[in-house]
Structures are given as structure tokens and as C-alpha cells.
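Protein sequence lines correspond, in order, to chains A and H. In terms of UniProt numbering, the first sequence opens at residue 1 and continues consecutively. In terms of UniProt numbering, the second sequence opens at residue 1 and continues consecutively.
If you are wondering where the hints come from, they were derived from the structure by calculation, not from laboratory data. Please note that the accuracy of each hint is not assured.
[Unchecked claim] Among chain A residues calculated to face chain H with C-beta under 10 angstroms, some are: (1) N8; (2) A12; (3) S15; (4) R134; (5) E142; (6) V174; (7) G206; (8) G217; (9) S229; (10) R311; (11) N348; (12) L349; (13) H354.
[Unchecked claim] Derived DMTMM-like pairs: lysine to aspartate or glutamate, alpha-carbon spacing no greater than 25 angstroms straight-line: (14) K261/A - D331/A; (15) K478/H - D208/A; (16) K283/H - E61/A; (17) K478/H - D530/H; (18) K476/H - D543/A.
[Said to hold, decoys possible] Derived CB-CB ranges, DEER-like: (19) S370/A - S483/H: 51 to 61 angstroms; (20) Y527/H - G478/A: 41 to 51 angstroms; (21) T434/A - Y449/H: 34 to 44 angstroms.
Quantities reported herein were computed from a predicted structural model and do not represent experimental measurements. Yeah, the Cβ is synthetic: ideal placement off N, Cα and C, and Gly gets one too.
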Amino acid sequence: MGLLSDPNRRRALISLLTRLNAPICVVCYMAGVAWFMGLAFEPFTLRTYMSENAMGSTMVEERFPAGERALATGREFSAHKKKVGGMPVDWLVKTMQARGLEVFTQRFSRTLPFPDENKERYLVKGTNVYGILRAPRAPRTEALVLSAPCTPGDNNNQAVGLLLGLAQYFRNQVYWAKDIIFLVNEHDLIGMQAWLEGYHHTNTTGMDWSPLQGRGGSIQAALSLELSSDVITSLDLVLEGLNGQLPNLDLANLFYAFCQKIGVLCTIQGKLQRNDWDSVSGYSHSVQTMMLMVMKQASGRPWGDHGLFLRYHIEAATIKGINSFRQYKSDTTTIGRLLEGMYRKLNNLLERLHQSYFFYLMPSLSHFVSIGYYMPAFGLLAVILLTLIKSAPSQMSSPGVLSVLTPLVISHLTGVEVAVEHFPVSETEAVVLTAIAIYTAGLALPHNTHRLLSGEGTEQGWKVLKLVAVLYLAVLLGCTALINFSLGFILALTLVPVAAFVTPHVPKILSAFILVILSPACTLLFSVFFFQELQEMPVSFIDGWMLFLSVISQGILDHSLYGSLVYPLIALLVYPCWLLFWNILFWK
Amino acid sequence: MAAHRCSYSALLLIICSLSMFIVADSQETTLTGDNHATELDNPQTATETAGQMAEQPAVEERRLWEATEVEEATPDDADTDKQDTSTPETAVPSSVPQPKDDFQEELVIRPLHSGDIYASFQFRTLWETDFMRGNKVSHYRLFPKSLGQVISKFSVRELHISFTQGYWRTMQWGQPFLPSPPGAELWVWFQDSVTDVDGTWKELTNVLSGIFCASLNFIDSTNTVQPSASFKPLGIGNVTDHSFLRYATLPREIVCTENLTPWKKLLPCGSKAGLAVLLKSEKLFHSSFHSQAVHIRPVCQDWQCKTTSWELRQTLNVVFDLHTPGQGKREWSLFKMFSRTLTEACPLASSSKIYIDITDNPQGEQFEVSPATPLLSQAMVLGDRRTFSVYDLTQQITFGTVRSLNLLIRWKSSEGDMLRPLLHGERYVAGYGLQTGEIHTLMYNNHPYRSFPVLLLDSVPWYLRLYIHTLTVASKGKDNKPSYIHYQPSKDRVRPHLLEMLVQLPPNSVTEVTVQFERALLKWTEYTPDPNHGFYVGSSVISSLVPSIVAMDTNSTREQPLFSSFFPCKEESSYFVRVYTEPLLVNLPTPDFSMPYNVICLTCTVVAVGYGSLYNLLTRSFQIDEPSPGLAKRIANIIRKMRGVPPL
């Protein structure tokens with residue numbers, strides 16, 4: 001305090017900061033990256049533990065016996081699916097009713113803004129079928145959801161079979177205190193979105209759905225099941241939801257605890273846990289796991305059907321059965337017992353899951369990094385922006401609002417242009433290419449316009465512009481990192497160096513090249529390659545480029561179908577912010 | 001409620017009527033064939049029934065019908081008077097001198113559409129006395145003293161209290177005989193002599209809380225309302241000044257053994273004899289639905305209604321889930337349901353009967369009841385003409401040679417589809433996030449061509465701030481303007497919102513009432529110990545006169561003479577129904593109570609260091625202030641200035 005209020009010392013401090021600006025920035029950047037990489041190092045992380053008392057000490061005995069029958073039901077389902085050529089609604093309704101559930105259906109339809117080439121759909125029409133197991137002597141105030149998507153082809157039949165088997169078994173148990181909703185949704189996420197919107201009677205994305213006839217009160221937790229083989233080697237837990245939201249860590253803990261208890265191999269991000277944290281390969285393994293989570297979270301899209309529940313403050317996760325070439329296999333009865341145990345514990349909940357963390361990263365299923373540990377990594381990067389602001393000349397004559405405002409407005413208009421997809425095109429490629437074209441055209445704009453409007457740019461002018469741009473970036477990244485740490489951190493990694501070095505006086509060609517490399521679009525391109533690398537599925541450049549294009553189209557689709565915010569964030573805020581720095585580089 | 005009462009008193013009429021007549025031949029043959037089938041299917045029960053059959057072979061051959069009078073089923077007070085007047089003269093056997101108090105017990109078992117079993121107990125004590133007179137009533141025989149004292153001390157005109165665990169599934173089970181909302185419900189009409197109604201109400205709830213071992217003491221001004229139209233007195237007297245009415249629900253109240261035991265103690269025979277023997281808590285609470293209630297009201301003593309008597313009606317409704325314990329074997333017996341069989345009626349009871357609803361089962365194709373009974377009776381229940389098999393427990397013959405009655409119901413067909421009850425309601429909270437929300441109340445009128453009005457009562461706690469200007473009522477996509485709205489806004493921490501509306505439901509439609517609300521931020525001491533569980537909003541109450549099913553039935557004209565069936569007769573045209581929607585569980589914005597230390601530390605640090613220093617830096621301007629030189633220095637400087645040298 002004294003340091004800051006004493007003008008002499010303040011001046012000295014500022015001059016020190018200005019003088020050592022570059023080294024401080026470099027050190028902070030290095031420290032930030034190093035801190036982040038250190039998060040995956042096991043001794044620095046915390047072991048997971050069950051925070052919720054209602055799920056912790058209570059004893060639950062799993063007795064689900066009917067795995068084989070569930071598989072038979074799954075085969076029957078698949079036969080009916082083939083016969084009908086889609087969701088066998090009538091069969092499902094009848095089967096659920098025979099199991100003593102209250103059964104309801106919901107029809108929905110949605111026209112996509114442009115055809116989805118990954119899933120080959122444009123006009124989507126479907127039906128969700130769900131059955132409610134009413135808890136005895138409960139007044140329909142709380143519910144749990146178990147869902148299984150009905151996917152085309154031979155996928156996921158076992159999941160539906162197991163869902164029906166569990167429904168039958170649960171119906172005969174007496175201990176349910178919450179209604180259990182068994183949902184089979186068509187067209188995966190679109191069906192789920194329709195069902196959730198119907199259940200909560202909201203309409204955020206302009207979908208057509210018929211209102212739901214039966215409800216079970218406020219949903220406390222949900223699990224989505226994906227299972228495509230009769231036996232599995234491991235179960236994979238998917239947590240990342242819409243906009244990088246994560247369910248309460250206790251849900252992951254619950255899954256892990258039951259996998260341990262029942263003896264099923266469990267993975268996260270498809271990666272098994274390893275015990276050799278002190279070896280290089282062990283460390284790199286956990287870095288890989290954590291980086292996969294970071295990349296998935298940053299993408300802001302739901303990575304399973306559970307992802308859409310999170311918006312409604314319903315803790316949800318997807319459980320995927322994986323069948324690889326490992327020796328040890330678990331059968332459907334075991335998975336059924338695992339799910340039974342999880343639902344019994346969730347049934348015991350007195351309150352919503354709230355005891356444990358909502359913000360975390362997981363380098364393995366048994367360890368987690370909480371927000372208090374990972375935020376400093378971002379903080380160190382943010383410090384660079386603060387020193388940049390601090391070392392800006394304190395005495396500045398105000399150089400015409402116009403000269404600063406113009407680039408701001410222009411760059412944002414470009415962003416709006418990218419974001420508002422009102423092109424009269426209905427082809428995926430066309431949409432993506434138009435977006436890229438506008439993006440690149442945006443690069444040409446600034447140094448043509450500002451001279452036209454405000455004449456020769458002054459030395460003061462670019463300094464003020466840079467100050468504004470850096471402030472803007474700091475606020476933007478700060479807010480993003482609070483909501484979605486991964487996205488904020490990845491953007492900070494690329495944009496903070498841009499903010500640090502750009503002035504009109506650096507070599508133009510080289511800097512322009514670096515600036516383009518560090519632009520949001522290129523970040524996305526690199527992320528695509530990096531993600532493939534992490535998944536141990538490296539791709540050639542051409543494939544990567546195609547993937548990059550499809551990622552953009554998926555981003556736009558996610559935005560219009562489920563309300564994902566990453567695409568508008570990049571187009572409306574991050575890209576214009578980057579354009580400001582581009583503008584500074586070409587200031588004349 | 002009135003409808004049930006009416007139907008019940010109609011049943012009571014039956015009790016001592018002796019005129020029986022033989023059913024038409026066609027029916028007789030099918031029924032005997034039916035009995036034969038029973039024996040074939042179940043040899044083990046055949047032996048049980050064999051004794052009875054040996055005793056009364058002649059009776060077995062032909063079914064006998066009790067004469068039935070059909071009572072009106074309208075909630076008007078006038079009707080109440082009429083049917084109540086007729087009750088005593090028939091309820092009491094004419095040979096016995098009329099006692100001043102009278103006790104009756106009955107059990108109705110109805111196999112439900114869904115395959116579940118609904119058992120409804122009713123115990124009625126009538127007492128010709130006047131609690132309100134000056135002299136104290138001190139001699140109690142059948143009427144429980146604890147309740148009698150409550151009536152006289154608090155000048156209660158009418159008292160209705162119910163404890164319910166579970167939600168009545170109208171779509172699967174149809175209408176209950178006595179509806180009740182989940183949790184506890186209490187409504188009381190006070191005498192107009194009471195001056196401080198609120199104070200009396202407060203005391204009364206505390207006393208009842210003690211009597212029934214329930215948390216009724218949580219009833220205070222924040223959950224009490226005075227409905228203007230929905231809850232009319234059910235007994236005699238035409239007080240309509242609703243300032244003497246108090247209504248409250250506790251949706252969170254859990255009902256269990258500790259509430260059942262005091263309830264059973266109010267019965268004259270306790271749980272020692274009669275139907276109450278069946279009330280074993282471990283079985284009653286092992287069911288899909290459990291509801292127990294006490295209704296006290298004044299009724300007419302005789303036809304002219306010169307004197308009044310007090311009626312205490314204790315009811316217990318329970319639905320057993322067929323699916324749960326017995327897998328595969330779809331059969332139920334008294335023993336399976338209650339782990340008891342009946343051996344005698346309560347000796348104090350003037351009548352003790354079991355009714356089994358066999359309306360859906362005239363030919364015995366759905367289920368089969370054994371031992372068979374020759375007595376049948378018909379009654380109008382909830383607008384529908386139902387047929388019941390009657391077992392009179394006061395007759396020794398009912399218990400047969402084994403001296404115990406274990407009714408057995410064996411299903412033949414599988415579970416039925418969903419019902420389409422004429423009226424049912426549904427409620428849910430729409431929207432997401434913790435700031436605002438929307439309450440949707442859906443009211444279904446499934447009548448194919450008749451519209452009818454309903455009264456909707458909504459009582460919403462103050463911490464959901466209703467935006468009443470957003471209230472919309474729509475049916476079939478069109479605006480449906482309520483003809484009557486009574487709205488009392490809430491006061492924070494003092495009283496809840498009360499919304500009452502009279503809405504006309506068009507035929508075959510869904511009427512949706514929506515109103516938006518904002519979730520209030522409570523003070524930190526106002527949160528419950530489990531704030532993340534959410535806060536309950538009680539059921540809304542839909543009361544209505546519903547067109548009768550019988551009136552809807554076009555086939556009925558075939559059996560009746562033509563001259564009798566042109567105009568729908570009034571007694572069958574409509575009946576009173578009260579439907580409760582499910583309660584709501586709403587999450588309010590909740591602070592993280594588990595981290596007060598962290599929060600305090602963080603906020604203090606931020607405020608003290610971050611905010612303080614920043615504020616300081618931003619608001620102050622710093623200048624280098626030259627200290628004023630001393631006197632000697634100043635003089636020296638003047639001299640130096642004169643000399644032309646720079647100052648010190």
C-alpha cells in the first residue's frame with residue numbers, strides 16, 4: 001500500500017516494470033505454462049473422495065441378476081428396430097408397460113440450418129419414449145433419469161436392453177424414494193434436447209415438440225448409457241457437457257467407487273489409470289488424460305447425451321461400455337449391478353449433489369485438480385496483460401475518440417458478419433467456407449479503413465488503441481476462464497503473446513505471419529491436430545483440414561441446435577479482439 | 001367430499017334393509033358357473049370355502065341383492081341435510097332402543113384398473129350432544145374425549161385433517177373416495193362466536209400437533225390461507241363467511257407409525273377388535289399410497305333437523321402395489337395385505353361390513369373373490385353406479401366354520417391401460433436457472449361433450465414472488481377468461497399468495513394456467529437445514545361438479561323404461577370431485593453454507609486489500625509536497641537572492 005501511494009516509489013516501480021517488462025512477461029508466461037503442466041503431476045493433485053454423506057457410508061447391496069435377459073431384450077429391440085427402420089415406438093411402449101411403468105411418448109421435429117454431414121441429417125423427426133417408475137409413497141417431487149439413445153444401425157441395442165432389464169428389476173424393489181424415469185431418446189442429442197425442453201417447458205432453440213404428459217418433479221441426477229457389445233472390457237465416464245459445464249465431482253466419485261467395488265475397469269477420456277506417476281511415461285499419460293479433458297471442455301459441446309442436462313442444474317454423466325482386446329471382460333449383469341448400486345445411492349440423496357466441486361480437471365479418475373489449483377496457471381498469463389496495462393504511458397493526450405472507436409466498430413462488425421449465419425446457402429461446405437472467407441476478408445479491412453476515416457495515424461493513436469485492446473482482452477479472457485477454464489486458458493496461451501509483442505514498429509512480414517499463426521482460427525486448426533494426436537489417432541494434413549472444416553460446421557450447428565456459446569464467443573468477441581491487434585500492427 | 005359422504009350414507013341405508021330379490025336367470029347361471037371355475041382353479045381355497053358352501057348351499061345357488069337407494073351426489077347443504085336426516089332412522093335397527101351414540105365401521109376394497117388394490121376404511125361415530133352449550137360435556141362413551149375437548153375448547157364447527165404419504169395416481173387409479181394432498185392438510189371452520197380466529201387457530205394447530213404426533217405446529221401465518229370459495233362447510237349450517245375458515249397444508253410432512261397409533265387410539269375398539277385389527281403399520285406403510293384422515297362435522301339428528309349430532313369420521317385409505325412383493329402370483333388376500341384375518345366385528349359397532357367392488361367384474365372375468373357372498377349392493381359412487389359384494393361381520397355366518405374371514409382376490413387378466421378420468425390435474429415448474437420460473441397447472445377435462453366449471457385454489461409461499469400480471473389461463477390454445485378471481489398477494493414472511501379462480505373447462509380439453517415467479521433470496525437463518533433439497537409448494541386444489549359417468553352412458557337407456565330416461569335426472573347428472581395436484585419442489589438460490597470460513601476470509605481479503613487499496617489509488621491524487629523551509633533557511637535564501645547566487 002505504502003509502495004503504491006508514495007509517488008516516488010510508485011514511479012520507480014513503474015519504471016522498473018517498464019524496463020523489465022519483457023523479461024517479466026516471458027517469466028510469467030513460462031511459469032504459467034509450467035504450472036499448468038505441473039497440474040498433471042500426481043503428487044500435486046488431490047485424491048478424489050466422496051463428499052456427500054448420503055452417498056458415502058450407506059451400504060448398498062447390488063443384486064441385479066438379469067443380464068442375460070437384458071441382452072435378449074436388446075436383441076428383440078434391435079430386431080424391431082430393423083423391422084420398423086427407426087425407433088420401434090409401439091414395441092417400446094408395450095414393453096415398458098409390461099414392466100409396470102407409466103409410459104409416455106413425445107414427438108419432435110427440427111429442421112437444421114444446413115445439413116449435418118457427420119450424421120447425415122437435415123429434417124429431423126422423431127419420438128422419445130419414456131417410462132416412469134413411480135416411487136411408492138413419494139409425492140412426485142423428485143426424480144432420477146436413466147437414458148439410452150436409440151441410434152441407427154446396430155449400435156446401442158444392449159444399452160436399451162439393459163435399461164429395460166433394470167426397469168423391470170427396479171420395479172420390484174421397494175426402496176425407491178424418487179421416481180425413476182427410463183428414457184429412450186431418438187436422434188441422440190436432438191431428441192434429448194426436445195425431451196428436456198419439453199420437461200422444463202422452455203424453448204431456447206426453436207424446436208417443435210409435443211408437450212409431455214407425465215413428469216416426476218425436479219430431476220436430481222441423470223445417467224446416459226451407451227453400450228454396444230454383450231461384454232465389455234471397461235467403462236468410460238464422460239463428464240464434459242454443454243459450454244464446458246461439468247457435473248458435480250461426487251457423481252464421478254460415485255462411479256469410481258462402484259467400479260472399484262464391483263471390479264470393473266474404469267477409464268476417463270478412454271485412458272486407464274496408471275500407478276507409475278514417478279516415471280516419465282506415467283506422467284505423460286496423465287498429462288494426456290488431462291489435456292484431452294481440457295480440449296473437450298474447451299470445445300464447449302456436449303460429449304454425450306448427458307451434456308444437455310447440465311443447463312438445467314441436473315448432475316449428469318454418460319457411461320460408455322468399451323470392448324477392446326483385453327483379456328478381462330465384464331458381462332451385462334455386472335454393469336447392471338453397477339448401475340443398480342449407483343441408483344440406489346442416488347436414491348438416498350437428501351439434497352441435490354452440491355457438496356463436492358463443480359470446477360475441476362481430472363488427470364485420472366482417482367485424482368482431480370480443483371479450481372484453486374488450476375486458476376493460478378491462468379492467473380500467471382493474465383498478469384502479463386496487467387503489466388502491459390500498467391506500463392502503458394501514464395500521461396497520454398487523448399487522441400480523438402474516433403481513431404480508437406473506428407477499428408473497434410469495424411472489427412466487431414466483421415465478427416457479427418461471421419456470427420450471423422444468414423447466408424442463403426444450405427450446404428455445409430458453403431457455410432463453412434463463407435465463414436472462413438469473411439474471416440480472412442476481415443484481415444484486409446482495418447489498414448484500409450482507418451486511414452480513410454481519421455487520416456494519418458499518430459503514435460499516440462496506436463498506443464491508446466493497444467491499451468484498449470489489452471484491457472478488452474484481459475476482461476474477455478478473465479470472464480471466459482471463470483466459466484470455461486479450458487477455453488480461457490487455450491485462448492490466453494495464444495492471444496497473450498500477441499498482445500505482448502505487437503506494435504507498429506516490429507518487422508511487418510514476420511509479425512504478420514506470427515499473428516496469423518496465433519489467430520483464433522489457427523488455434524482451432526492446431527487444436528484439431530493436437531486432439532487427434534492425444535487420442536493417438538494422428539491424421540494427415542488434408543484429413544486434418546477436412547476435420548477442421550467439419551469442426552467449424554459442428555460448432556455452428558451446436559450453437560443453433562443446443563445453444564452452445566463457443567462459436568458466438570469466438571466470432572463476436574475473440575476474433576474482433578484479435579483484429580484490433582492486427583490493426584495495431586498495420587498502423588501507419 | 002360431499003359426494004363421498006353421500007355415497008356412503010347411501011351404502012349405510014342398505015345395511016339393515018331386508019328386502020332381497022332374485023337376480024334374473026341369465027345372471028344366475030353365469031355366476032354359478034363362475035363359482036365352479038374357482039374351485040377348479042384353486043383347490044387350496046376350495047377347501048376353505050367348502051365349509052361355507054356346506055352351510056348355505058341354497059344361498060350359494062342364487063345371488064341376492066340388497067335394495068339400494070341412490071342418493072344425490074351434490075355438495076349443496078340442502079342435500080346434505082336431506083340425506084343425513086335419513087341416515088339415523090335406517091342405520092339403527094328399529095328393534096334396539098336408539099342409543100345416544102352410535103359407531104359404524106366398514107371397509108371397501110376396490111381392485112383398481114392398474115391391478116393394484118385400494119382398501120378404504122371408514123369408522124363413523126355419531127353422538128347426539130352439543131359441545132357448544134354452557135354445561136361441560138364430561139361423560140364420553142364412544143366419542144374420543146381428546147377430540148371432544150378440542151371441539152368445545154376451540155369452538156370448532158368443522159374440522160378436517162388428513163395425513164397422506166404418497167400421491168394419488170388419478171390416471172391409473174381413478175378417483176379416490178376421499179381425496180387428500182400429499183403431506184398434512186388441515187382445514188377448520190370455527191363457530192361464529194370465536195373472536196380471535198387467528199389466535200384460536202394457532203392454539204388449535206398446536207393441540208392437534210400433540211394429539212396426532214405430527215408437526216402441525218409448523219402451521220403459522222405464512223402457510224395459512226382463507227379460501228373464499230373452495231372449501232365450503234360439509235356439515236349443517238350455512239355459514240359462508242370465510243373469515244371463520246382456515247386452511248393450511250404441510251406438503252413436507254412425513255406420515256408414519258407415530259401418526260397411525262394416536263389415530264387408532266381414537267377408535268372405540270382401538271385396534272383390539274373389528275376392522276381396526278387389520279391396521280398393522282408394517283403392512284400399511286409398505287404400500288403405494290397411505291392416507292389417514294379425521295373429519296368432524298355437525299349433522300342432522302332426524303328428518304326435521306331439530307337437533308344436531310356430531311359426526312366423527314375416521315378414514316384410512318391405502319393402495320397396495322400388486323407388483324411389489326409377489327412376483328408372478330397375482331392374488332391378494334386380507335392376510336397378505338394386512339398380515340391379519342378378521343375374526344369378529346367391533347362389539348361396540350352397530351354395523352360392521354366389508355364391501356368389495358365388483359362392478360368391473362360382473363361375470364368374474366377379471367378377478368375372482370372367495371369366499372363368495374350372497375349379498376350384493378349397488379350405490380352411486382363418484383357419479384358411477386357401482387356394485388359391491390357385502391360381507392356383514394356382525395353375522396356369524398360370514399366367518400364360516402374356520403371362524404375367521406380371509407378374503408381372497410385372484411386376478412385373471414393382466415394389467416389395464418391408463419384411465420381417462422373425467423377430471424384430473426397436473427402441475428410442474430417450468431424454466432431453468434435460479435432467478436425466475438413459471439408454475440404450470442394443467443387441468444384435463446376428458447368429458448367428450450360437456451364442459452364444466454372448476455374452482456382452482458393455489459396457495460404459494462411468499463418466497464416465490466408471483467408475477468400476477470403474467471397469469472394466463474388458456475384452453476385449446478385460446479384465452480379462457482376465469483369468471484371469478486380471488487387473489488390475495490403475499491407479504492414477505494407474513495402470509496402466502498392465495499389465488500382462487502373459477503374456470504370453465506371446455507369439453508375434451510386441457511386448460512393450462514401459468515404464472516411466472518421470481519425466487520426470493522432468503523435471509524441466512526431462514527433456510528432449512530437442507531436448503532439444497534429445495535422448498536415445497538403445496539398442492540393446488542381443483543374442486544368441481546363433474547358430469548356423471550352414468551349420465552354419459554348412452555346404453556343405460558336400454559335397460560330403463562323409456563319414459564324415465566329422456567331428461568337426465570338430477571341425482572345422476574353431476575357429482576362433486578376434489579382433485580389435488582402434486583406438490584412442487586423448487587430450488588431457491590442458496591449460498592454455499594459449507595464454506596463460511598473460506599467465504600469470510602476471501603471477502604475480507606478482497607475488501608481490505610484489493611478494493612481498499614484500489615479505491616484509495618483511484619480517488620486520491622498524489623503530489624510531491626515541498627516541505628516549507630525553516631526560518632533560518634528562508635532568511636539565508638533572501639540574502640542569497642540579494643547576492644545573486646542560487647538559493648539553497
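Hint-by-hint comparison with the structure:
{"no.": "1", "hint": "N8", "in the structure": "holds (7 angstroms)"}
{"no.": "2", "hint": "A12", "in the structure": "violated (13 angstroms)"}
{"no.": "3", "hint": "S15", "in the structure": "violated (16 angstroms)"}
{"no.": "4", "hint": "R134", "in the structure": "holds (7 angstroms)"}
{"no.": "5", "hint": "E142", "in the structure": "holds (6 angstroms)"}
{"no.": "6", "hint": "V174", "in the structure": "holds (6 angstroms)"}
{"no.": "7", "hint": "G206", "in the structure": "violated (17 angstroms)"}
{"no.": "8", "hint": "G217", "in the structure": "holds (6 angstroms)"}
{"no.": "9", "hint": "S229", "in the structure": "violated (30 angstroms)"}
{"no.": "10", "hint": "R311", "in the structure": "holds (6 angstroms)"}
{"no.": "11", "hint": "N348", "in the structure": "violated (13 angstroms)"}
{"no.": "12", "hint": "L349", "in the structure": "holds (9 angstroms)"}
{"no.": "13", "hint": "H354", "in the structure": "holds (5 angstroms)"}
{"no.": "14", "hint": "K261/A - D331/A", "in the structure": "holds (15 angstroms)"}
{"no.": "15", "hint": "K478/H - D208/A", "in the structure": "holds (19 angstroms)"}
{"no.": "16", "hint": "K283/H - E61/A", "in the structure": "holds (23 angstroms)"}
{"no.": "17", "hint": "K478/H - D530/H", "in the structure": "violated (41 angstroms)"}
{"no.": "18", "hint": "K476/H - D543/A", "in the structure": "violated (53 angstroms)"}
{"no.": "19", "hint": "S370/A - S483/H: 51 to 61 angstroms", "in the structure": "holds (58 angstroms)"}
{"no.": "20", "hint": "Y527/H - G478/A: 41 to 51 angstroms", "in the structure": "violated (31 angstroms)"}
{"no.": "21", "hint": "T434/A - Y449/H: 34 to 44 angstroms", "in the structure": "violated (57 angstroms)"}
Hint compliance for this structure: hints 2, 3, 7, 9, 11, 17, 18, 20 and 21 are broken, all remaining hints hold.
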